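The whole structure should be built from the sequences, with the hints applied where relevant.
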Amino acid sequence: MSDALPFDGLKVADFSWIGVGPITAKALGDHGATVVRVESESSIDRLRVVGPFKDGVAGIDRSQFFADFNSSKLGVTLDLKNPAGREIAYRLIAWSDLYIESFTAGTMDELGIGYDTARSLNPGIIMVSTCLMGQTGPAAAFAGYGYHAGAVAGFYEVTGWPDLPPDGPWMAYTDTVAPRFLTATVMAALDHRRRTGEGQYIDAAQIEMALHFLAPQIIDFSVSGRLATRNGNRSDSAAPHAVYPCKGEDQWCAIAVESEAQWKALRQAMGGPAWSENSKFQAASGRLENQDELDRDMSSWTKTMTPQEVLQRLQSVGVPSGVVQRSSDLLQDPQLAHRGFHRYLEHGEMGVVPYAGHQFRIAGYDNGPRWASPTLGQHNEAVLREVLGMSEDDITEAVVSGAVS
Amino acid sequence: MLSPYTVLDLTDDRGELASMVLGDLGADVIKIEPPEGSTSRRTGPFLEDAPEPERSLHFFAYNRNKHGVTLDLREEGGRRALLRLAQKADSIIESARPGEMAAMGLGFEALRKANPRIIYVAITPYGQDGPYAEFAASDLTLAAMGGPMSLQGDPERPPVRVTVPQVWSHVSVEAAVGALTAHARMLKTGEAQFVDISAQTVMVWTMLNAMVAHAIHGADTNRNGPVLQMGSLNVPVINECADGYVLVFGTGPVLAKMMPWLVGDGIVPPEWIDGEEWQTWDVRLFSQQPIRYSLEEVTEAIRRYVRPYTKRDLLERGLREGVTIAPVSTMEDVARFRQLEERGYWLQAPLSNGGQAPVPGVFARLTKTPMSVRRWPPKLGEHNLEILGAQEQR
Chain A
4 MSDALPFDGL KVADFSWIGV GPITAKALGD HGATVVRVES ESSIDRLRVV GPFKDGVAGI
64 DRSQFFADFN SSKLGVTLDL KNPAGREIAY RLIAWSDLYI ESFTAGTMDE LGIGYDTARS
124 LNPGIIMVST CLMGQTGPAA AFAGYGYHAG AVAGFYEVTG WPDLPPDGPW MAYTDTVAPR
184 FLTATVMAAL DHRRRTGEGQ YIDAAQIEMA LHFLAPQIID FSVSGRLATR NGNRSDSAAP
244 HAVYPCKGED QWCAIAVESE AQWKALRQAM GGPAWSENSK FQAASGRLEN QDELDRDMSS
304 WTKTMTPQEV LQRLQSVGVP SGVVQRSSDL LQDPQLAHRG FHRYLEHGEM GVVPYAGHQF
364 RIAGYDNGPR WASPTLGQHN EAVLREVLGM SEDDITEAVV SGAVS
Chain B
39 MLSPYTVLDL TDDRGELASM VLGDLGADVI KIEPPEGSTS RRTGPFLEDA PEPERSLHFF
99 AYNRNKHGVT LDLREEGGRR ALLRLAQKAD SIIESARPGE MAAMGLGFEA LRKANPRIIY
159 VAITPYGQDG PYAEFAASDL TLAAMGGPMS LQGDPERPPV RVTVPQVWSH VSVEAAVGAL
219 TAHARMLKTG EAQFVDISAQ TVMVWTMLNA MVAHAIHGAD TNRNGPVLQM GSLNVPVINE
279 CADGYVLVFG TGPVLAKMMP WLVGDGIVPP EWIDGEEWQT WDVRLFSQQP IRYSLEEVTE
339 AIRRYVRPYT KRDLLERGLR EGVTIAPVST MEDVARFRQL EERGYWLQAP LSNGGQAPVP
399 GVFARLTKTP MSVRRWPPKL GEHNLEILGA QEQR
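Chains A and B supply the protein sequences, listed in that same order. Using the numbering used here, the letters of the first sequence map in sequence onto residues 4 to 408. Using the numbering used here, the letters of the second sequence map in sequence onto residues 39 to 432.
The hints are simulated quantities; they were obtained by calculation from the structure and are not laboratory data. Since we're looking at a predicted model, the values are computed, not measured. The beta carbon of each residue, even a glycine, is placed where N, CA and C say it ideally should be. Be aware that one or more of the hints could be misleading.
[As the list claims (entries may be wrong)] The following label-pair restraints were derived from C-beta to C-beta distances:
1) B:E315 <-> A:E292: 55 to 63 angstroms
2) A:P86 <-> B:P169: 55 to 63 angstroms
3) B:R341 <-> A:P86: 41 to 49 angstroms
4) B:E147 <-> A:D295: 45 to 53 angstroms
5) B:L121 <-> A:D295: 45 to 53 angstroms
6) A:G251 <-> B:E335: 32 to 40 angstroms
7) B:A141 <-> A:Y368: 21 to 29 angstroms
8) B:R341 <-> A:V60: 26 to 34 angstroms
9) B:E90 <-> A:K283: 24 to 32 angstroms
10) A:G62 <-> B:E335: 21 to 29 angstroms
11) A:A385 <-> B:R118: 49 to 57 angstroms
12) B:D281 <-> A:A144: 22 to 30 angstroms
13) B:R350 <-> A:E263: 42 to 50 angstroms
Following this line, the structure appears as C-alpha cells:
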C-alpha cells in the first residue's frame, strides 16, 4: 500500500478545455485518477494551436502549451453534435465520479449534457462548471481567457511601471490561480461524497477565486479609498527592493532588503562602499525616500558581476536575492533538479520532452506526471473498449457514424 | 464538506490562505500564533493606517473561518499543548524554515508519533532540502527564481513582479491542494503523510506556456510589454480608452462580431466584413496559415475604435452583443463590478473599529454543501480559554 496513489480508482470525465479545467483534471490524473479528456475535432482546444511547438513547427500534436496541462490523461475525440457521439458522452458521464467542463455558461445544456442530464444518468455525480464570470449574472456569457479575467479582476492595473500603460502579469493569469482553488474544492467535494454518497453541482467563477489574491487591496479601497496600482518592483516598506542589472546580456538579480540586519549584511557583502555610509540610507525610511539614487548606486555594484555571483555573495550573508530565471535557466536549475521537477516523457508526436512537474512532494511515492499528454484522439478505441466496455461492433459503428473521429 | 476535520495553522504571513481555503471548505481551523501575533498582523495595508495587530487588512483578508489561540513554542508548555492539539487534529500546516520545527521537537516525526494519521504540510521557499533550501527569499526574489518575472515588463526596463505580492498566495492555495491530496492518500495507506511544498516550483507554474519553452523550440520567452506572446507572434492587447485601458484580444468570434462596429464608426471600409472568414482568422494566424488582413491592420483598427469610449461603455456594449472586451479594472472598478454584486459575491465583514467592509466571498458555489463564512478572523488569543483550557492559556 505504501506506493498507493492518492486518487487511484477515481474516474474523471474531463470535457473541459484551455487552462483551468484541464489543469484541475490533470492534478487528479497525475495523482492516480483515470481521466478521460474529451476533445472536439471541429472546435480544437485553442492551446493545441498555440506554441511553443516542438522544433518550432506548428501542428495540433506539437504544442507543449497543451501537453503540460494534459499529462496522465486518456484522449478521446467526440462529435457532441452527432447523436451517436452524444450517446458516448452519456456513457462517459455515467461511468465517471467527476465531470468537469469549462465552456461559456449554458453550453453544456445546449449540447444536451448539462447537469440535469448528468444527474439523471448518474445520481451521485459531481459536476463542475468553471468559466470566467460564473454561471449566472449579467456577465455570465463573457467568453474569454485568463487575461480577460486578469484585467477585469484588477491584476493588470497592479503590474508594470507607474508611468507606462499596465503591463499585466504573464499571459492568462487567472489560469494560474483558479485551478488551485478549484482542485481543492473538488477534492473536498469528493471527500464529502465518499462519506455520504452525495454528489452535487459546482459553479466555479474564475474571477471569484482570483480576487482572493487582491483581497487586502480591495478591502483597503473600501475602507480608505486608496487605489493600489503598479509600482515596478518597489515595496511600501522595504528598500533596496528592486531588480538590478548584472554582467551579461539582459541579466538581472532581484534583491529585497526587508530588515536593518539585512541592510547591514548587504553593505558588508558589497565591501562597505562610501555611498552606502551616507546618512540618508541609514534608516529604511531614508532608503525609501531616496530609492532612485539608492538603485543607481546598487546597480553600479551589481553590474560588475553575473547574477549568479551576486546571488552567491548575498545568500552567503542571508540577504534575500534571486536570479531572474528564464525557461533555459529553470531547465538547468540545481534546486529543481534536486526535486526531480522536470519529467522527461515520451509523447506520440514530439518524442521525449520535459514536462513541468509537481509543486509539492508527498513523501513515499513518485510525484509527477505519469505519462505524456495524448495526441488528438490517441485513445479513442482504448477508451471505448477498455473504459466504457463497448463491443467491437459498437466501436466500429461509432467510428463509421463519425461519433468518434 | 470538510467539517469532520480539524486543521492546525502554524503559518505566518506566508501560509495563512492555505488553512483559510480549508476553513472555507468547512474544516475546523485553529490558528496558532506566537504570543506577539502572526507576522501578518504586522503586514499592511492597515485599517486607518494604524499598524496594530487587530488592524492589519492582510491578516483580516486571510484568517476567516479560524479559531485563534496563542502558544509560545519556545516554551515546553507551549510545545506540549501543540502536541496535545495535534492528537485530535487531522492536519497541520507550517511555514517555518527547513528543520526549524524539528529542532523544537515539533517536526513530522514528533507529530506522527503524537498522531499516526496526521497530514503534515511544510511550506518553504525552495523545499525542505537541496542546494537552495537555506536561501533567504521574499516575494520579489521568488518571482525571479521561479521564472514569471522574466516574462513581465517593458523590454527597455528591468523585469517586473506583480506589485501586489502574489507568491505566498499561490503557494498557500497549492498547499491546501497538497493537504487534500495527502489526505486522500492517508485514507488509502492509513499512515501519516508529509507534504513538502516549494514556492519556487509553484511560481514556475505561473509561466504557463513559457515553463519549458526552451527545450521545445530552442528559445526562451522574454518580456515584451503589454502584448500577448502566442508562439512567435506578439499580439498587442492593451488599448487606451477614454478613462483608462481595455484589454481586447481579437479572437475569431470577437472579430466577427466587432467588424460591424468598426465599419459603423468608419474605422475600416465595409468590405472588411465579408473580406475575411473572421471566425477562423486567429486560428489561421497562429498556425501560420494564410490570412487576408494582417495582425497589424486588425490591431490598429481595434486601437482606434476603442479610444473615444469609456471602459464601462465598452464592457456593457460587449456584454450586450457578445464581444469580449475586458476593462483594466482599478480596485474601485472591481468593487463596483455589477456581475459580482448580482451574484452576491461580497460579504459584509465587521472591522475592529466597529465599521464594516465588503470582502471577497466564497470561491465556489456548491449546491449541496454551500461554503460559508462561519466566523470572522480571530483577535489575538481570542479562543485560548475555549480551546486550550485554563492552564494552557498564555
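So, going through the hints one by one against the coordinates:
1. Taking the beta carbon of each, E315 (chain B) and E292 (chain A) are about 58 angstroms apart, inside 55 to 63 angstroms as hinted.
2. Between P86 (chain A) and P169 (chain B) the beta carbon distance is about 58 angstroms. The supplied range of 55 to 63 angstroms therefore holds.
3. The beta-carbon spacing between R341 (chain B) and P86 (chain A), approximately 45 angstroms, falls within the hinted interval of 41 to 49 angstroms.
4. Between E147 (chain B) and D295 (chain A) the C-beta distance comes to about 51 angstroms, which sits within the given range of 45 to 53 angstroms.
5. At roughly 52 angstroms, the beta-carbon separation of L121 (chain B) and D295 (chain A) lies within the given 45 to 53 angstroms, and the hint holds.
6. The supplied range of 32 to 40 angstroms is met by G251 (chain A) and E335 (chain B), whose beta-carbon atoms lie about 38 angstroms from each other.
7. Take A141 (chain B) and Y368 (chain A): their Cβ atoms lie about 27 angstroms apart, and the range 21 to 29 angstroms holds.
8. The hinted range of 26 to 34 angstroms is satisfied by R341 (chain B) and V60 (chain A), whose Cβ atoms lie roughly 32 angstroms apart.
9. For E90 (chain B) paired with K283 (chain A), a C-beta distance near 29 angstroms keeps the hint of 24 to 32 angstroms intact.
10. Checked against the hint of 21 to 29 angstroms, the C-beta distance between G62 (chain A) and E335 (chain B) comes to roughly 27 angstroms, which is consistent with it.
11. At about 56 angstroms, the beta-carbon gap between A385 (chain A) and R118 (chain B) stays in the expected band of 49 to 57 angstroms.
12. Range check, D281 (chain B) to A144 (chain A): about 24 angstroms between beta-carbon atoms, so the 22 to 30 angstroms window is met.
13. For R350 (chain B) and E263 (chain A), the Cβ-Cβ distance of about 46 angstroms falls inside the hinted range of 42 to 50 angstroms, so the restraint holds.
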